[in-house]
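Enquirer: Residue numbers (this note's numbering), protein chains in the order written: chain U, 270 to 612; chain H, 270 to 612; chain W, 270 to 612.
Hints were generated in silico from the structure; no laboratory data involved. Only a predicted model underlies this, so the values are computations on that prediction, with no experimental measurement involved. The reader is advised that the hints may include incorrect statements.
What follows is a list of derived Cβ distance ranges for each label pair [as the list claims (entries may be wrong)]:
1) W:V341 to H:S603: 22 to 30 Å
2) W:K565 to H:F284: 44 to 52 Å
3) W:K463 to U:K604: 53 to 61 Å
4) W:K274 to U:G462: 50 to 58 Å
5) H:S566 to U:S299: 23 to 31 Å
6) W:T387 to U:T387: 38 to 46 Å
7) W:H548 to H:G554: 20 to 28 Å
8) H:V324 to W:H548: 16 to 24 Å
9) W:K327 to U:N286: 35 to 43 Å
10) H:G571 to W:V363: 51 to 59 Å
11) H:Q275 to W:N459: 24 to 32 Å
For each residue, glycine too, the CB sits at the ideal point set by N, CA and C.
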Amino acid sequence: MQNKKQYILSELAVFLNADLIGDGQCLISSIAPLDKAVSGQISFLENPKYKEYLVTTKASALILRKSDAPNVSTNILIVADPYLAYAKLTSLFVHKPSLVTGVHATVICGENCSIDPTAKIDAYCVLGNEVRIAAGVSIGSGCVLGANVSIGENSQLNANITLYNDVEIGKRVLIHGGAVLGADGFGMANDRGKWVKIHQLGSVIVGDDVEIGANTTIDRGALEDTVIASGVKLDNQIQIGHNVRIGENTAIAGCTGIAGSVVIGKNCVLAGGVGINGHIEITDGVIVTAMSGVEKSITKPGVYSSGIPAKPHITWWRILARLLQLDDFAKRLSKLEKEVCNK
Amino acid sequence: MQNKKQYILSELAVFLNADLIGDGQCLISSIAPLDKAVSGQISFLENPKYKEYLVTTKASALILRKSDAPNVSTNILIVADPYLAYAKLTSLFVHKPSLVTGVHATVICGENCSIDPTAKIDAYCVLGNEVRIAAGVSIGSGCVLGANVSIGENSQLNANITLYNDVEIGKRVLIHGGAVLGADGFGMANDRGKWVKIHQLGSVIVGDDVEIGANTTIDRGALEDTVIASGVKLDNQIQIGHNVRIGENTAIAGCTGIAGSVVIGKNCVLAGGVGINGHIEITDGVIVTAMSGVEKSITKPGVYSSGIPAKPHITWWRILARLLQLDDFAKRLSKLEKEVCNK
Amino acid sequence: MQNKKQYILSELAVFLNADLIGDGQCLISSIAPLDKAVSGQISFLENPKYKEYLVTTKASALILRKSDAPNVSTNILIVADPYLAYAKLTSLFVHKPSLVTGVHATVICGENCSIDPTAKIDAYCVLGNEVRIAAGVSIGSGCVLGANVSIGENSQLNANITLYNDVEIGKRVLIHGGAVLGADGFGMANDRGKWVKIHQLGSVIVGDDVEIGANTTIDRGALEDTVIASGVKLDNQIQIGHNVRIGENTAIAGCTGIAGSVVIGKNCVLAGGVGINGHIEITDGVIVTAMSGVEKSITKPGVYSSGIPAKPHITWWRILARLLQLDDFAKRLSKLEKEVCNK
Chain U
270 MQNKKQYILS ELAVFLNADL IGDGQCLISS IAPLDKAVSG QISFLENPKY
320 KEYLVTTKAS ALILRKSDAP NVSTNILIVA DPYLAYAKLT SLFVHKPSLV
370 TGVHATVICG ENCSIDPTAK IDAYCVLGNE VRIAAGVSIG SGCVLGANVS
420 IGENSQLNAN ITLYNDVEIG KRVLIHGGAV LGADGFGMAN DRGKWVKIHQ
470 LGSVIVGDDV EIGANTTIDR GALEDTVIAS GVKLDNQIQI GHNVRIGENT
520 AIAGCTGIAG SVVIGKNCVL AGGVGINGHI EITDGVIVTA MSGVEKSITK
570 PGVYSSGIPA KPHITWWRIL ARLLQLDDFA KRLSKLEKEV CNK
Chain H
270 MQNKKQYILS ELAVFLNADL IGDGQCLISS IAPLDKAVSG QISFLENPKY
320 KEYLVTTKAS ALILRKSDAP NVSTNILIVA DPYLAYAKLT SLFVHKPSLV
370 TGVHATVICG ENCSIDPTAK IDAYCVLGNE VRIAAGVSIG SGCVLGANVS
420 IGENSQLNAN ITLYNDVEIG KRVLIHGGAV LGADGFGMAN DRGKWVKIHQ
470 LGSVIVGDDV EIGANTTIDR GALEDTVIAS GVKLDNQIQI GHNVRIGENT
520 AIAGCTGIAG SVVIGKNCVL AGGVGINGHI EITDGVIVTA MSGVEKSITK
570 PGVYSSGIPA KPHITWWRIL ARLLQLDDFA KRLSKLEKEV CNK
Chain W
270 MQNKKQYILS ELAVFLNADL IGDGQCLISS IAPLDKAVSG QISFLENPKY
320 KEYLVTTKAS ALILRKSDAP NVSTNILIVA DPYLAYAKLT SLFVHKPSLV
370 TGVHATVICG ENCSIDPTAK IDAYCVLGNE VRIAAGVSIG SGCVLGANVS
420 IGENSQLNAN ITLYNDVEIG KRVLIHGGAV LGADGFGMAN DRGKWVKIHQ
470 LGSVIVGDDV EIGANTTIDR GALEDTVIAS GVKLDNQIQI GHNVRIGENT
520 AIAGCTGIAG SVVIGKNCVL AGGVGINGHI EITDGVIVTA MSGVEKSITK
570 PGVYSSGIPA KPHITWWRIL ARLLQLDDFA KRLSKLEKEV CNK
C-alpha cells in the first residue's frame, strides 16, 4: 500500500488482516497513544495498565485483542498482537520525503565504482575506488565510503557515516548518522612497555535487514571479519570490538560495549549499558538485563543480570560498608555455629 | 562588555559587581588556577583545600569570599560566590574568532529555506527543504540538517553534526561536534522471532539555553516528540532514547544512557555513566551519583546511588565470593538464632 | 621492508629476527588463526589453550616459542614473543591504498595555513586559519580542523573527524572516524538554579604515537590543557573530560569515561566500561578491570575492580534482596555473639 495522508479504517483492517468492528469509512490520519489521541487518530492497547483509558480515549479507532473489545464503544480493529499491528501501521504513516533518484553533482567517486542508476547519493559524499552501490540504495550527505565498500539493495545510510575500506553491507540495512564501521580493532602487543600496533587485516560484514544506531561503532576484524548477521538490531552508541560475531535477530540496546572476539548467538537481547568480556561465547536466546557485565561464556538460554538498582544514597552507603565486612561476617558466623553446636 | 586581550581590575570588579580591594589599575590578561597563576593573571578560591595557596600564589588578583580576604596581600575582588564569578569571567577571556556573516558558497540548501541574513553557515553544510535558521545562528562545517529543521536565535552548532528532519532547536543552544539528533528511536515488535520496525513518527524538540555535548545522541519520538527543556546541559557521549522528556536546568554528565519514554524532572543532576531504565519517572531535584542504575521511578528528591567503588582485585574477588553465599548466610543466621533462643 | 603481496619465509625470519626451521623459500601470502589457516598462510601460538591446533593446522608456517617447536612438522619461525612477532608481521600484510600526495581541490583552507607538500588531505575537509600540517600527514574526507590546529609528521586522521581550534596533535598519531577533540569541557556554575557556562579556555594536546578510536571524545581544558601523553592508546567511544592528563603508554578500552581533572599515570590499563571519578589521581602501572568505578585516588600499582559478573536473573535477584538486609544481618550477628558469649 502506498503511503497516504489518511486512510479509511477498512483499508487499515485489510492491511493488518484485522477484524473490523464499527465504521469502515472512518477516516484515520495518524496514530497516537490512548490517552492523547483525538478524533481522526487510531490508538492501540498493549500494556494492560493503560486499560482504563479504553473508556475515556477520544481515538476514532482502537487496535485491540478480542478480549479487550467488549465494553468499548468506538471503532475497533481486532488482532492477535496489537503491538505488532501498531508496528506495521507506522510504516503507513511515516513521512518519506520524495526520493531524489541519482547522484548529487558534488559526490566524489573513485575509480571503477559501480552505482545502480536507481541509487541516490546526497551531497558531499566521498566514495573510494571499487565501491559498489546496489539498486534502491539511499546515502545521506557527508558519508565517506572507503575503497571496495559494497552496499546491498534498498539499504539506507543517513548522514555523516563513515565506512572504512572493504566493509560489506547487506540488503535493506538502515544505518543512522555518525556510525563508524570498519575502524581498526583495539589490538596491540606490548614490547617492553611500548605498544606495537596489530594492523587489523579483516573487515566488517553486515547481513540483511540490520539496523545500526547513531554513533554506534563496529570495528574491523584482526585477521578474520567482524560479522553482524541478518536481522540484528543495534541501538545508538554501541561499541562492537574486532572479530565479534552476532547471530541473527539479536537486539542490543544503547551504550552496550562488546569486547573483541565475542560470539553472540541468535535471538538474544542485550539491554542498555551491558558489557561483554572478550573472547567469550553467548548461546542463542540469552537475555542480559541492563548494566550487567558478562564475564564468562553463557551456555544456557535464560535471563542473566548483575545490575544493581539505585537506592537512597545513605542506604547504599551503609550497604557498601557492610559489603566490605562480608568476609569478617562469614568467619564470625562459622565460629558462632561451632560454639553453639559444641554447647 | 566586549572581549579584549586584557582588562584593568576595576573593569572586572564592575563586571562582576564585586568589591575591589587593592589596585584597580592592575592589568589582567588571563585566568589561572591558584597554584599556577603568574603575574598578570587572576585566580579564585572555590575549594577550601586549596586555601594554603592563598599565601603563595603569584596571581595579580584573587576572587574571594569576604571571609577569605584577611591575610591576603594581593589585589582582591570580593564576591558571594567565587566559582560563579569565575564562570562569568571566562566569558570575557574566551577567544571568539571573528564571526563571518553569511552563508559559505558551498552550502547546499533545499527549497523554501529561510536563513536570516545575520546567520553564518560554514562550508559543506547541507540543508533540506523548509529549513529555518534564525538571526545570529552559527553552523560549523559539515553539518547536515534534514527537511523542516528549525534553529532558534543565536544558537551555535559546531562541526559534523546531524539533525534529522523536523528537529526543532531553541535559542542560544550550543551543540558540539558529532552530535546526532532525531535518529530513529529503538522501537520494534517481534513477529515470530523477526523484528518489525516501528517507524518513529515523532521528532526532537530542544528548548532554549541548552548545551549538547560531542557525539551525544537524542532519538526522535515514536508517536510524540522527545523533549529537552530549556536550560538542560548534556555532556558528551550521552544517549537519550525516544519519547524521553527532560525538565528545565537538569544537568547530565558523560556516558549516561536514558532508555525510552523516561520522564526526568527539573533541576536534576545525573552523574557520569548512569543508566535510567525505560518508562519510569524521576521527580524534580533528584541527584543520581556516578555509574548508578535507576530501575524504578523516583518520587522523592534526594541523592540516589548504586555505584560500587573499585577495591584491590583480590579484596573484591573475595567479596564477590561471599556475595554468592549471602542466601546461605541468611539461612544459617536464622537457624542459629532459633537454636540460641531455644536453649 | 616494502609491503608486498607475498613473502618468502626467510624474508619474514629476517624481518622478525627469528630462527627459521624448515623451508625458507616457502611462500607466505597472509596471516590466519591456527585453526583456520590454509596453505600459503602463516599462523602463531599465543594462547596455550590452542596448543592442540599445532598438530592439525594447515598453515604453511608457524611462529612459536622454542619450547613449542618440537613435535611440529611444518615450517617454524622461533621467537621469544610470538604475539609481538605477529603484531610486527601485520604491518607487512596491511593493505595500504596508494597515498595520493597533495590536497584535494575541494579542501577549504583558512588564512596562513602551512601544509607540507607531502601531506594528503582528502575531499571536503575544512581547515581554519593558521592550521599547520606536517610532512607525511594524511587526512580523510570530511574532517573539520578549527583555527590554529597543528598535526605532526606522519599522523593519520580517518574521515569525519572534528578538531576544535588550537588542538595540537603529535607525530605518528592515528585518529579514527568520528572522533571529536577539543569540544568544551562540561563546566558550569549554578546561579540560583540556572547554569552559567564556564567557557573552556584551554585546549587538547596529544603526544606522539597515540591512537584514538572511533567516536571517542576528548574535551578541551577549562584553564589549562587536557593532555594525552605519547604512546597512549584509546579505543572507541571513550569520553575524556576537561583537564585530564593521561601518562605515557597507558591503554584504555572502549566505553570508558574519565571525568574532569583526573590524572592517570604511565603504563596503566583501563578495561572497557570503566568510570573514573573527577579530580582524582591514579598512579603508574594501575590496571582497572572492566566496568569498575574508581572513586578515590589510587596510590599503589596493582589491579583494581568493582565489576560484578552476571548471574542467572533469579539468583541475582535473591542476592540483591539479601544485600538490602545486610545491615540487619550485621546487627543480628552481633547480638547473637553477645548472647552466645554470655551463656
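Enquirer: Run every hint past the structure and note whether it holds.
Expert: Verification of the hints:
1. W:V341 to H:S603: 22 to 30 Å: violated, 60 Å
2. W:K565 to H:F284: 44 to 52 Å: violated, 38 Å
3. W:K463 to U:K604: 53 to 61 Å: holds, 58 Å
4. W:K274 to U:G462: 50 to 58 Å: violated, 34 Å
5. H:S566 to U:S299: 23 to 31 Å: Cβ of H:S566 to Cβ of U:S299: about 29 Å, so the range 23 to 31 Å holds.
6. W:T387 to U:T387: 38 to 46 Å: holds, 41 Å
7. W:H548 to H:G554: 20 to 28 Å: holds, 24 Å
8. H:V324 to W:H548: 16 to 24 Å: About 22 Å separates the Cβ atoms of H:V324 and W:H548, which means 16 to 24 Å holds.
9. W:K327 to U:N286: 35 to 43 Å: violated, 53 Å
10. H:G571 to W:V363: 51 to 59 Å: Given a distance of about 54 Å, which is inside 51 to 59 Å, the answer is holds.
11. H:Q275 to W:N459: 24 to 32 Å: holds, 29 Å
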